[in-house]
Structures are given as structure tokens and as C-alpha cells.
Amino acid sequence: MSDLHQELLEVFTEESAVLLERLNRLLIELGKSPPPGEDPGWRKLERCLHTLKGASEALGGEALAREAHAAEDLISAFIEGEGESRQVLDRLEAHAESLRAGVAAFVAGEEGPQEAQTQQGPAPPAPAPAGGASPSPEAAPSPAAGLPSTPPASAPPSAPLPRRRAAASPLRVEADVLRVKPERVDELQGLVGELTLTRRRFSDVGADLAEARRLIDRTLRTWRALETKLRPMKEALPKGARWSVEQSAESLVAHLGQLQTKFRSLGREAHSLDAQATATTRALEDGIQELRLMALEPFLELFHPSVREAADSAGNRARLRVEVRGTELDRVVLLKLRDPLLHLVRNSVAHGIESPEDRKRAGKPEVGEVRLEAETEGSRAIIRVSDDGRGVDVEKVRSKARSLGLLKGEEPLDEARLLDLLVHPGFSSKESVDTLSGRGIGMDVVGSVVRGLDGQLTLSNRPGQGCTFTLDVPISTSSGRGLVARCGPHLFAFLTHGVERVLRLAPEEVQSLHGQSIVRVEGTPVALTRLDTLLGLAASSAPSDEKLLCLVLRQGARRLAVLVDDVPGEEDLQLKPLGEAFAGAALYLGGAVRADGRVVPVLQTAGCLDRAALLPAYVPPAAEVSEAQQLLVVDDSLTMRTLLRNILRSAGYRVALANNGRHALEVLGTLGDCALVLSDLEMPVMDGFELCAAIRRSDRANLPVLVISSLASANDIQRALEVGADSYIVKAELRQASFLERIAQLTGGEVSA
Amino acid sequence: LLRSQTFVRLAKTGGLSQEEVDLLYKRAARYARQDESTEDSAWVDFVRFVSGDTGYAVPVSALLRIVALDHLSHVPGGASHVPGVFAYRGEVLSGHDLAAYLGVSQLGEPSWALIVDHKGQRLGLLAEEITDLLPISPAEVQPVPLTLGPRGGGFQGILSDGTLLIQPEVLLQDPGFVYAFPPPASP
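Chains A and B supply the protein sequences, listed in that same order.
Under this note's numbering, think of the first position of the first sequence as 1397, with each following residue one higher.
Under this note's numbering, think of the first position of the second sequence as 669, with each following residue one higher.
Pulled out of the complex, with its shape left as it was, chain B reads as follows (with noise of 0.2 Å):
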């Protein structure tokens, strides 16, 4: 676009007519390649994981790490989707089970918990398989399935394979994500 616009600038100063400027401008919007350092800032990195059968992605800069799950322990008598917790540099932090939560499969016997954290909300999203770092535009990302209900809230979109994309600001603020018990009233 800038391209073009330095090319109607110099083309009104050699005398062409309206129509011809016109013309050549579409021409020269027609050829011109995308600004690639702005096609480059569309792109946002995900590291892409399977729970249940489904698969996830959770932005990069949402990450604090990837950790192997040695043990997770049971914490009986809370949601389905909070099955326990684990340990992580001398914090336990609870374990969500994203398949559970949206009540779609059962997950496996999780291996790895990725920790996120958002406005010190800290806790661990469970995965059966981390599968790859993913750069994904927004052309690619469709609207999330209806069917998803009020928790389909927590996801920016889908992948036209069918990998969720996870909108931290808004999934780790949800009680019915974050809590596996009601939380205490406040006195």
C-alpha cells in the first residue's frame, strides 16, 4: 500500500490524467505484495496440546512453562474438570482438565501440565501430548461452534482441523473454570 501510494504521488507530478492515475493505481494495487512486517505482527504463536481427543492451543506469551507431570493427586469431591494437584517450584497448583470442562472426552492419563498465568491467576492446564509451536494468523481462525454454550466464551476460535484456541484473559476470570469447589462467601 505504501508502494502505491509513493507511485501515485510520483505519478501525479509526471501529468497524468485522473483516469490514468486511477487506472494505474489499480494496477499497482493489484501487484503489489503485502508489507510483510505487517502480515508478520498478525501472526501470534500457540503451542498447540491433545486432551481427551480434542486439541488445544494456548497463546505463547500466556505460557510460563511446560512441565512434566509426574503425579497428579487426587483432590476427591470437586469438579470433574479440576481432577487434583501437583507440584511446581514449591507451589502445588491445580490441574484442569480442558475436555472435562467442556464435557466433550475424557482425558487420558495426562502427562504434561502447561502452567499459565494471567493477573497472577496461576495454574495448569493438563495434556496428554504437547504436539508443536504453531503460528497462526487470524485469517485462519473461525468463530467458535455454538454448540459450545456459554463456555465457548473462553476460546478466541477454531482451527479448521478442529484445535480450540484458547482465550486466557477470559477463560482463567471464569469461576466455573477456575473453581473446582464454590468459592467461600466473603464475610
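In isolation and in its complexed conformation, chain A is listed as follows (with noise of 0.2 Å):
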């Protein structure tokens, strides 16, 4: 391909998205209220088809030039007053699919200059079916515009058409819009952070140079108190000599004034330019921060045609209405949730709203509805993703949940553990793989992409009314209020909107509940442990006697009280990736680059949370340390964790749990010190031959692993042992008394039960 085509193919893939959204957005307005062919959005219609096939034309995209070709067809002849505007309408749908597809295949290119590979042409003739006229997709297709999509698989080809003359300027961009890669924004940001670091060390030696003028300003003050001092023995030396020294003594005088007067301006020049610098860096950095924001709104109305997709393939009729007050959010943020909010809005439509009929006999209108509502709240954005329809089944979710372990008889069902069960790994992802066509995320994706940005998620159900889930995000994840602590020689961040409040307690107002150390936070008990037990550091020495310092994490309704050995205080953050190596850790938001070029690691709350649930209970200093030997336990089954931590806990032993090997590995690297692992095999994530193996590659290549598992074959057990594990026991044949000899002989130790 030549550099010139290149260039072109670039300009027209920037085109192309501008106008393929421009598009949609025309199709949205005109489908709120399908107009007469007189009313002016027709004409915008077609011409933003003229200019998209004039584009392709240009490059040889000749099949996406007949595609659009044809939509423009379709129009002028509605504008001459054939047909009727919502099939019309409903077509062109089928059209702008088809050339979302047939874009972002020719920019890949899958589609030759010349020969069109694609099969698109204009929607049959017939009507629409109900509840929307796209043809079912063979996969879902992404609501982003110019992301591929596959074409719908029962759209005809186009017949041969006759060709136009191209437009006169295909090529042309808006000239108020500048498009910059947002690479290249990241990479702007990033040089604008170390100007900010290095403006910050000019500070500094402003700082230094105003010392510098105070300590010359002392030392002429020295000296005018010392020549009065030694003017009695000037008079007693010789005249030539008294001559020389008072020439010296007032040229010393004269010089210092000098260095006083240039220090003085140094010092005046060096404020104002730091005042200069500062509000200049700051002007770049807001800058840059509005680079990275977009507008939610064109980003939520490209969830429409997933709506009439998810209504099609469920057989009823849904509409989506959405509805956003003046949001603008960090790209980041919002590609980051693009897959979630499909999700959600895909689970709405097939698992929510009833068929036509049930809404019928229930007393609603025909056509559900879907709704995806955002707003601002200071540095939050709240996304609600709601329906009306029949609400999640609370018995369905139970039956289920105890088919797989997670709940035990009629324990009561509030939203809060209805939704930690539909965010299980495992728990939704068959209907979800379903119901999605094969894209594979589950509750528990939208669950953990929500935690991996400081967000949270919750649910409100209202049985047979619908439900509504809500997403609490940040508006950037690169920038945000922090406070920083301490513990030990190393510095840690949380944002300040998930730290409650600093506490300074008294060792005696650590308590004791159920063997949990708790603190009282206006009268309730929230859990307390250590920051470098949560991080798996050693830990730091601090006198007993002296007040302890705790900041009180939240997450909705969990609280943690996290001891550490400071607070410096807060501080303007300015997030950054850890880096690739770090892309797995869960307990991480990002870095923070200080004035000094120190990196702070940014923790994530609910992380912290959740790590905080496996820990060993934090015992106060006064109190005896328990010479337990610890164990990690490692179940997907929340059952078989429970089973396994309440044997090894009442035979003596310290129990952390993880859900899965990768969990388990996190949770090892949390552990000072761990004598044996049990691990089950069939876990999602990673199971346990993976972690057996992930084990022995690791430093703690000699730590025995028992495995605990329902596979009985002989195969498995030589897989198990062959990867590392050292022992193997089939669930179906554990025995307490047995079970805890095998776990003595692993770990060296005595039977204690």
C-alpha cells in the first residue's frame, strides 16, 4: 500500500466514525417521532450517506459506495412521497448497520480496493418484523461506532447499481474539529506531569535561594555588630595599617550589600515565575484533562441499536431512553464500561421486559422500556441502567445459588446479597453467553471492571416493576484527591472518597468481637487490621502504649478501620498505570508521582475490602502471638471454603481463603509466612493444576500443596501430582480425623484434633 493511500485511509477512517455517528444520531432523531419526507432531517440524512459514499468511492470501497448509495435511493424516493417513514426508517437502520460493518471491515482490510467483499445491500422490501426491523446479527455488534461488527447474515445482496459521479471533495474534514490519537493525548499528559514535577523543584530552589538571602542578611547584621565590637582595637593599630583594614572591612560590607541586593532580586524574580509556571501548568494540566473527557451522551445513545437487537433475538419490543444531565467523562472511564453497560443493557431487554402479551395481561404498555440515566455528583459520575420489567427473580436466584453451594436454606435474600450473588464468577455467565451471542462476560465482569475503577455497583429490585442497577464511577481515573499513609518506610494513597475518616485511638479501645479485633465508629464496630498485614509486609514495630492511628475505609455499607504508622495528609494525585507488569493486581488503582519523583501506589478501596475478608484476624500488640502454623485455603465453592477454615480453624491453624488460583497467588504474596496450601481443581480464572504449576515456578517452589478435589480418576490425580501437588484427597472421601493427619504429615506438625 503507498504512503499517499495510507495517509487517505487514515483521513478516512476519522471521516467515516464522524459521519457513521453523525448518522445514527440523524436515524435517533428521526425515529423519536418518524417525520414527513418535507422535514429537513431527511435531507441531512442523505446528505451525510452522499458523503460517506463519496468517501468510499475515493478509496475504492466500492461496495460500502453502493450501500450508501442505496440508503440515498431510499430517501429521495420517501422524499418524492413513497412508502411510509417508519419502515423507511427501519431500513435504513438495516442500511447504517451494514455499513458500520462494511466501514470497519474495508478500514481492516478485509475488503480488496476494488472487489467488495462484503454482502450488504438495502433491507428487503417487506415489512419490518415488530419490535424493530434490523436483521438478527450472528454476533453482537458493538454499539461504538466503526468497531467491527459482523453484517447482518440475511440481507441481500445489493443488485448492480448505477454509478454516480463521487462527491466533489470526499476527503474533507471538519475544519473546527482536530482529531488527535489518544495516544497521543496520554503521552501529552504524561510530559505534562513531569513539568509539573520539575516546575515543583524550581519551587524548591526558590525556596532555597530565599534562605540564601535571609542567611547573607544575618551574616552583614554579624558583621555591623562585630566592627563595632572591634572598632576600639582598630584605634589602637598603626595609621596605615587601620587604613588597610577599614578598606578591606567596607569593601567586605560593600560586597555583601551587593549579594544582598542581587539575592533579593533573584529571590522577587524567582516567586513570580514560579506564580508564572504554576498557574501556566495548571492552565496545561486542566487542559489536558478536558483532551481526555468525552460527552456521555452520543456514548449512550449508541446503545440503541443493541436494544433493538437484545428485543429482536428475545422476541418482544423494547425501546431505550436516555437521559443525561450536561456529563462529561474520562475516556478511560468510559471504554472501560462500554462493555459493562452492554451488558446490563443486553440483560435488561432479554432477562427484563415480558413479552408483549405478559405486558399486556400485567397492565403495562406493549413496548418495555430500558433506560440508561447519568449524572455528576463533584468528582462521580452515577450511571443508572434500568427497566420496567419483571425485576430480577429472587427465587430463581436462590434455587440457583444453592445448586452451586452459595446459600444454605432460607437465608434472607436483601439487594446487596442478591447482587453479590449475581456478581459471583460462574453465577450468570451461561445465560449471559446466551443471551450475548457468544461474547462471554458475565455479572461478574461488570462486578470487577466497576471495583477495578474505585466504583461501586448496586442494585434497587422491584419485583414484577423492574430493576434499576447503579454505577458510582469516577469522572477520571487519572487525577484525584489522596490521602497518604505510611507504613514503615513505604508510602501508600487512597482516595479521599473512600476513606471515611482518621482516627487516633487508645490501644484499649481495640475490642475483641468474635475473635475480630474491631474498633467503635460512632458506637458500631467496623473490623480492624493492619495495612502491612493488607499488604503482606512485615510489620512495622510500634510501641504499644502509643496512640494508634487507623483511617476508616467504605464501600457502601463494609467499613474497615486500617492501622497505619502516619498520615502525611492529602494530596492532589495525579494517577498513572503501574505498568503491564502490575495490569493483574487487584489491590491497585495506579501510581502517583511526587514532587520528590517518588512514586505512591494508589490502593483501590474495595480491594482492600475484599483482601481484608481472608486475612487472619489482627491480634494487638499487648496480646499473645499466636504461633499457628497458616494455611490457604483455595474453593471457588463459598461452602467447601467454609467447611475447610471452620476444621482447620478449630485444630489450631491461621486460614486465608482465596476463590480462585489467581486469587490464591495474590493471597500468598499477602502472607508472610504459609505452611500449606489446600487447593481445589475445577475453579474459573485459574483452576488448580495451573496454580500447582504457577506455584513451583514461583520463590515458594517448595511450599506443599494438597489438593481437595470431587475428580476422582486416576488421570487426574497423576496430572495433579505431576504438576506439583503433593498430596491428593477426592472430596467424596474426606474424613476429619484423616484430612487432619495428611495436613500434620504436609506442614511438619503435630495432629492437635
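Just so you know, the hints here were simulated from the structure itself, not pulled from any lab data.
Quick caveat: nothing in here was measured; it's all calculated off a predicted structure.
Treat the hints with care, as some may be off.
[Unchecked claim] List time: in silico BS3-like cross-link candidates among lysine-lysine, alpha-carbon distance up to 30 Å:
no. : chain 1 : residue 1 : chain 2 : residue 2
1   : B       : K787      : A       : K1577
2   : A       : K1796     : A       : K1756
3   : A       : K1760     : A       : K1796
4   : A       : K2127     : A       : K1804
5   : A       : K2127     : A       : K1796
6   : B       : K787      : A       : K1732
[Claimed, not checked] Covered by chain B, according to a simulated footprint, are these stretches of chain A (three or more residues, beta-carbon under 8 Å):
no. : segment
7   : 1582 to 1590
8   : 1968 to 1977
9   : 1986 to 1992
10  : 2079 to 2093
All C-beta atoms in this analysis are idealised placements derived from N, C-alpha and C, irrespective of residue type, glycine included.
Make one complex out of these two single chains by using the hints.
See below:
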């Protein structure tokens, strides 16, 4: 491909994205209340298609041009009085879908410059089926314009059409829009960050200058005092010598005076330059920050086709309503939220909205409504996905949770517990895969993406009337106000929205409740742990008679008091990713670079709360430290984890828990010592075989692993032993006495129960 | 070799027998100097550094920059060979300890970070000391000891003094070296 063609293709990529976005917005606008042919909206649509056709033809995208041309003809005919507006719009939607897929394929080089491979064409002339005319896709298309999606399989190929002359200037880009690649903005932000650090160092130089000036002032004063004291001695000197001393003294005073003046002027200049540089870098930071922001409304409007397709697949009727109150979000946050929002929207249509008949019987309108609402509150964005369908079927969830061993008996299911179950890995994935045509993301991914943004997901369920999922996320992941805490020689930061308060406690205020250390915050017991224990650092030795300093972390109803050594204060944090190496670290949001060039790892509140639930209880320094051995239990079944934990605790072991192999490696990293890992084999994310192999490759290569699995075949046992397991127990054959005996053998301890 | 071939061509034109030509060819080959330009092209410049008590060398071509390390911020919980992060030109980069990766020795206090970049993968190799710039010819390179196991794949060889020569295109593609935590499963 020639450089010129490559350059044209890049321009086409940008222009087609703009045109497809405009096309989508116009279709949405016209679709709200389809107007007659005289409405100027139809002409705008026609012009948009015409420009896209011209641009496609210029690059040899014949199939794309034919598709756009067919849509153009359809509009022309409608303006001339042919057809009914709703049907025309349905057919135009189908054309728009094909154009999106066609552009993506063309840009990706899947369509040759002259030979079109896409099979696009006008939608069938027959009336569209109820609930939307888009033919069912084979794969769920992405909501974002320009992203690849599979074209409708049922769309017949276009009939060859006479070629029209290309538009006069097909590759024109809107003059008032400058398109910059997001990576370039990231780079610029990095450089601005470095400039800010340099500026802060320059401020330090200014402070040093002021200090030097004060030193000269003091020197001059000292000299003047000394000169007064020396005057009688000078009188005693011979005349020539006295003159020489007086000359030297005058010269010294003159030089010191000049130095004083020079430093005063330098100090004033430095102060003024610093103020100017501070204002400029701050404006630059704000400007770059704004460049990263994207409007939410057009982004959410792109979910219309997904609602239509989901309704087609589910055989019901639904429309999307978007309500946004002037909200802009960081591009990174938006892109991370795209798949979770798509999942929630499709879930609402597929599982929430009832069939038209059922809705009629329930006294609801036949067409269900899915609402996407967004607003900002300070530095947070609140996005709600709701529907007016049947709501979450609590009994169905209960029954499935029981079958998976996640629930016992008639445990009450409030909304928080219901959501816990829905986002549990593996709980909803099967349905999700069916609904999302193989996209493979489930509610667990929705939960983990929101948590990864240091956000919060909540559910409000109204049986028979619908449900609402609320996502509370930061507007930006690249900056925020943070509280810096010291733990031994290390500094860590929490975003302030996750810190409820800072407490100073007397050691006697730490109480014990069911074997757990707690502190009372306004009368409510809150679990207490040390930050070094939470992070797996060696405990710093704080004297036990001193006041304890702790941060009370809060996420929704969950609270945790975390003991730290010091809280140097609040700071504005510019967050950067910690790099590829830490991409899988669930505890960290990123790192903030301070003025001295030091990076402060920023911790994720939700991750800390999750981690604390798995750790051994905090033991106050005055209490006797337990000599019990530390074990790690890894199983995706909550029942199995609880069972094993209870047996092992009652036998005197300290027990940490993990729900899959990857999680186990993370927890292991936080445990100072560990005598044995007890692991299941079949688990999501990382299974027991992989875990064994990973432990053998790690710096804990000699750590014994006991596999406890329901797999009983000789092959499975052999495979587990080959990848590094030391011993194997089939779950069905688990007996407490022999089990504890086996553990004692593996840990080199004594059987204690 | 080029000179020898030229000599043979000239000899052939001088009416010598084939045996004489062969003999002269062998003599010419014995006394001919190696073509210096060819020899030079085989030499590769490496920067040698010390981590733990072991010497390593990285090709200059893979190096972006060497920076004095003022502070390495500890990020607990990950693999021991990725102890923390540091700031570099507005970015945060992970610091990787080869000694801990190979399990051969303990890294002291790192004073330097060698920033390497392979296809956009940018990270810092931690070093206590930068020793020298070392031109190395392929003839000096011995195979990596088998006992390093699969992790030896990240090195192209070893010098007689025990310096391990890094193979960046392999080492920086090895998830075991790059990641401190298992990477998140893609949805």
C-alpha cells in the first residue's frame, strides 16, 4: 500500500467515524417521531450518506458506496412520496448497520480496494417484524460506531446499481474539529506531569534562594555588630594598618550589600516566575484533562441498536431512553464501562422486559422501556441502567445459588446479597453467553470492571416492576484527591472518597468481637486490621502504648479500619498505570508521582475490603502472638471454603481463603508465611493445575500443596501430582481425622484434633 | 577470501596447472587476513551491569536510557523479581530484578535502572552497578547453562567470566518475567 493510500485511509477512518456517528444520531432523532418527507432531517440524512458514499468511492470501497447509494435512493424516493416513514426508517437502520460493519471491514483491509467482499444491500422491501427491523446478527455488534461487527446474515446482496459521480471533495474533514489519537494525549499528559514535577523542584530552588538571602542578611548584621566591637581595637593600630583594615571592611560590607540586593532581586524574580509557571502548568493540566473527557450522551445513544437487536432476539419489544445531565467522563472510564453497560442493557431487554402479551396482561405498555441515566456528583459519575420489566426473580436466584452451594437454607436475600450472588463468578455466565451471542462476559465482569475503577455497583429490585443497576464511578481515573499513609518506610495512598475518617485510638479502644479485633466508630463495630498485614509487608514495630492511627475505609455499607504508622496528609494525585507488570494487581488503582519523583502506589478501597475479609484477624501488640501455622484454602465453592476453614481453625491453624488460583497467588503474596495450600482443581479464572504449576515456578517452590477435588479418576490424580501437587484427597472421601493427619504430615506439625 | 579469489583468477590466467593453483590457493588462504569490515559487523555492543553478585549484559540497541534510581517504590504482593516501580519521563515503570528472577542471588540496593523497550513494552532492569560498554563477538559467547531451565531462554549466552547476555526479544515476551501478578483474564 502506498504512503498516499495509507494516509487517505487514515483520513477516511476518521471521517467515516464522524459520518457514521452523525448518521446514527440523525436516525435516533428521526426515529423518536418519524416526520413526513418535507422534514429537513431527511435531507441531512441524505447528505450524510452522500458524503460517505463519495469518500468510499474515492478509496475504491465499491460495496460501501453501493450500500450508501441504496440508502440515499431510499430517502430520495421517500421525499418524493414513496413509502411509509417508519418502514423507511427501519430499512435505513439496516443500511446503517451494514455500513458500520462494511467500514470496519474496509478499514481493517478485509475488503480489497476494488473488489467488495461484504454482502450488503438494501433491506428487504417486506414490512419489518415487530420490535425493530434490524435482521438478527450472528454476533452482537459493538455499540461504538466504527467498531467491527458482523453484518446481518439475512441481508440480500445489493443489485448492481449505476455508478454516480463521486462527491467533489470526499475527504474533507470538519474544519473546527482537530482529531488527535488518544495515545498522543496520554503522552502529552505524561510530559505535562513531568513539567509539573520540574516546576515543583524549581519552587524548591526558589525557597533555597530565599534562605540564602536570609543567610546573607544575618551575615551582614553579624558583621556590623562585630565591626562595632572591633572599633576600639582598630583605634590602637598604626595608621597605615588601620587604613588597610578599614578599606577591607568597607569592601566586605559593599560586597555583602551587593549580594543582598542581588539575592533580593533573584528571590522576587524566582517567586514571580514560580507563580507564572504554576498558573501555566495548572492551566495545561486542566486543558489536557479536558482533552481526555468525552460527552456521555452520544456514547449512551449508541446503545439504541443493541436494544433493538436484543429485543429481536428475545422476541419482545423495547425502546431505550437516554437521560444525561451535562456529563463528561474520562475516555478511559467510558471505554472500560462500554462492555459492562452493553451487558446490563442487553440483560434488561433479554431477562427483564416481558413479552408483549405478558406486559399487556400485567397492565403495562406493550413496548418495554430501558433507561440509561447519568449525572455527575463532584468527581463521581452516577450511571443507572433500569427497566420496567419483571425485576430480578429472587426465587430463581435462590434456587441457582443453592445448587451452586452459595446459599444455605432460607437465608434472607436483601438487594446487596442478591447482587453479591449475581456478580459471583460463574453464576450468570451461562445465560449471558446465550444472550450476548458468545461475547462471554457475565455479571461478574460487570462487577469487577466497576470495582477496578474504584467504583460501586448497587441493585434496586422491584419485583414485577423492574430493576435498576447503579454504577458509581470516578469521572477520571487519571487524577483525584488522595490521602497518603505511611506504613514502615513505605508510602501508599487512598482516594479520599473511599476514606470515611482518620481516627486516633488508645490501644484499649481496640476490642475483640467473635475473635476479631474491632473498633467502635460512632458506636458501630468496625473490623480492624493493619495495612502492612493487608499488603503482606513485614509488620512495623510501633510501641504498644502509643496512640494508634487508623483510616476508616468505606464502600457502601462495608467499612474497615486500617492501622497505619502515619498520615502525612492529603494531596492532589495524578494517577498513572503501574505498568504492564501490575496489570493483574487487584489491590492497586495506579501510582502517583510526587514532587520528589517518588511514586506512591494508590490502593483500591474495594480491593482492600475484599482482601481484609480473607486475612487472619489483627492481634493487638499487647496480646500473645499466635504460633499457629498459616494455611491457605483455595476453592470456588463458598460452602467448601467455609467447611475447610472451620475444620482447620478448630484444629488451631490460621486460615486464609481464596476463590480461584489467581486469587490464591495474590493472597500468597500477602502472607508472610504459609505452611500449606489446600486447593480445589476445577475453578474459574485459574484452575488448581495451573495454580500448582505457578507455585512450583514461584519463589515458594517448596510450598506443599494438598489437592482436594471431586475429580476421582486416576488420570486427574496423576496429572495433579505431575504439575506439583504433594498429596490428593477426593472430596467424597474426606474424613476429618485422616484429613488433619494428612495436613500434619505435610506441614511437619502435630495432629492437634 | 576476496583477495584469495582474485589471486586464483589471476593465477589461472598465468597458465599454472590446477595443482599449482590449488596449492597457491591454500597458501593464500593461510596468509590472508580476515576481512575487517566483515569481522566488525559481527561485533555487538552490550552494556554490562551487576545485579546481585552476577554480571549481565544487554544489547545497546535494546536500551532506551540508563537512569540513576533515586527511589524504587515498593509494590507488595507480586512476584519477588518485580519489587516495585519508579518514575520515568512522566510514566511509571516497573523495576525488574534479574537476580531474583533467576533465583541465583539477592539484589542489593539498586542504584540504576536500564530502561529497555521491545515493541512498546517498556520496563526497567534494576542494577547495583553499571560496569562498562562491551563489544562482544559471537565467538566469545557460550551456550547458557542448562541448569537455568526454561528461564535461560531469555538469554542468548554466557561469557567466560559468567556474564549472562540478555536476549531482549525473548525475555520481554516472557510473561513470567514481565508480570508481577498474573495478567487479568481478557473478558
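Evaluated hints:
{"no.": "1", "hint": "B:K787 / A:K1577", "in the structure": "holds (19 Å)"}
{"no.": "2", "hint": "A:K1796 / A:K1756", "in the structure": "holds (29 Å)"}
{"no.": "3", "hint": "A:K1760 / A:K1796", "in the structure": "holds (29 Å)"}
{"no.": "4", "hint": "A:K2127 / A:K1804", "in the structure": "holds (19 Å)"}
{"no.": "5", "hint": "A:K2127 / A:K1796", "in the structure": "holds (22 Å)"}
{"no.": "6", "hint": "B:K787 / A:K1732", "in the structure": "holds (24 Å)"}
{"no.": "7", "hint": "1582 to 1590", "in the structure": "holds (count 6)"}
{"no.": "8", "hint": "1968 to 1977", "in the structure": "holds (count 6)"}
{"no.": "9", "hint": "1986 to 1992", "in the structure": "holds (count 4)"}
{"no.": "10", "hint": "2079 to 2093", "in the structure": "holds (count 4)"}
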